[in-house]
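These protein sequences, in sequence, are chains R and D. For the first sequence, the residue numbers in this note's numbering are 1258 to 1399. For the second sequence, the residue numbers in this note's numbering are 301 to 477.
Quick caveat, the hints were computed from the structure, so don't treat them as lab data. The model shown is predicted, which means the values in this text are computed figures rather than measured ones. We put the CB at the ideal spot given by N, CA and C, even for glycine. One or more of the hints may lead you astray.
[Unchecked claim] Which residues of chain D face chain R? A few of them, derived with a C-beta cut under 7 Å, are:
#1 V380
#2 L381
#3 A422
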Amino acid sequence: MDARTLSLPISTLDYKQPDTVQLGSPVSTAIDIMQDGGRGCILVVDEDEQLVGIITERDLLRHVSGQRAAAADFKVEQVMTPNPETLRASDPIAFALNLMHLGHFRHLPLCVWDDQGEAYPIGIISTRDILEHIAIFIENQK
Amino acid sequence: MLYDLAINEELEQMDQDAALKAWRAQEIQVALKDLMRPIVTLDINSSANEAIDLLLANNIGAAPVVEDGYLRGIFSERDVLNKILNKQVGDLDRIGVKQFMIADPQTAEPEDSLNAAILYMARGHYRHVPIVDTQNRPIGMVSIRDVVSYLVEEFSQEVLALPPKPVRDAMKAREGA
Chain R
1258 MDARTLSLPI
1268 STLDYKQPDT
1278 VQLGSPVSTA
1288 IDIMQDGGRG
1298 CILVVDEDEQ
1308 LVGIITERDL
1318 LRHVSGQRAA
1328 AADFKVEQVM
1338 TPNPETLRAS
1348 DPIAFALNLM
1358 HLGHFRHLPL
1368 CVWDDQGEAY
1378 PIGIISTRDI
1388 LEHIAIFIEN
1398 QK
Chain D
301 MLYDLAINEE
311 LEQMDQDAAL
321 KAWRAQEIQV
331 ALKDLMRPIV
341 TLDINSSANE
351 AIDLLLANNI
361 GAAPVVEDGY
371 LRGIFSERDV
381 LNKILNKQVG
391 DLDRIGVKQF
401 MIADPQTAEP
411 EDSLNAAILY
421 MARGHYRHVP
431 IVDTQNRPIG
441 MVSIRDVVSY
451 LVEEFSQEVL
461 ALPPKPVRDA
471 MKAREGA
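Based on the provided sequences and hints, a complete structural model is requested.
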């Protein structure tokens, strides 16, 4: 483990393409996509594919399990965290780590921005992605 | 000439500092007993709803499932997503957590190092590693969040010379510039 491990850009990690669901969709649709993809989160986008929110396992636990209501009764916007923190793929891994620490996030959307400052998601980075990156360095030292 | 000499000395010093930092970082070996959090356990006879309530009430993502104090399994948010939501599983007040837990999870011992936990988590795709005593009784938990927090604090001087919060605001400023 070397401190410089964390100064590399996020783009050097094997980050994943984001799964997305449209505003207005039932939460059950988001759950289906998360189950099929084996993912712990999904991004909510508007009709222009701009990022508007994120739904994590924790959100589902809180809103769906907690209220014991059927997921079909909720829309994604009722469950999502709106305007999530975002990063660029060119930002250092350390940025992601710091943001995850401060906000207690397990996932951060990676975005590109257009001239109007609208964010379009291009990826997702998770704490596990970073841990796997660090694990490679640990194993290489053995 | 004097200027070149000064620059060279400066560069040499920087190289030495970098080598020292890298060496120190490689030597980091924190024991999991210094990192683990107090354990919140679920009895193996708990219902699924009781298990979900326990995760919510304690703001945790997973809890060890115990029988007479001995570790039998682990129940996490991921089990709720994959095995309960959108599924016709029946009455969650009557179905036991036993049906949804992962049995006999990977564990670590208090003297194991952080490196070991990172490898367990990365290779096994776990987010939580129960720490057990020699009798396989859980005495603590290390989560991926604990690892992140430790790394941020440990490397704060070397790499994370970052603004504490305004990452996002700084990005907006770059956009506007």
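Here is what the structure says about each hint:
1. V380: Hint on V380(D): holds, closest Cβ of chain R at ~6 Å, below 7 Å.
2. L381: holds (5 Å)
3. A422: holds (4 Å)
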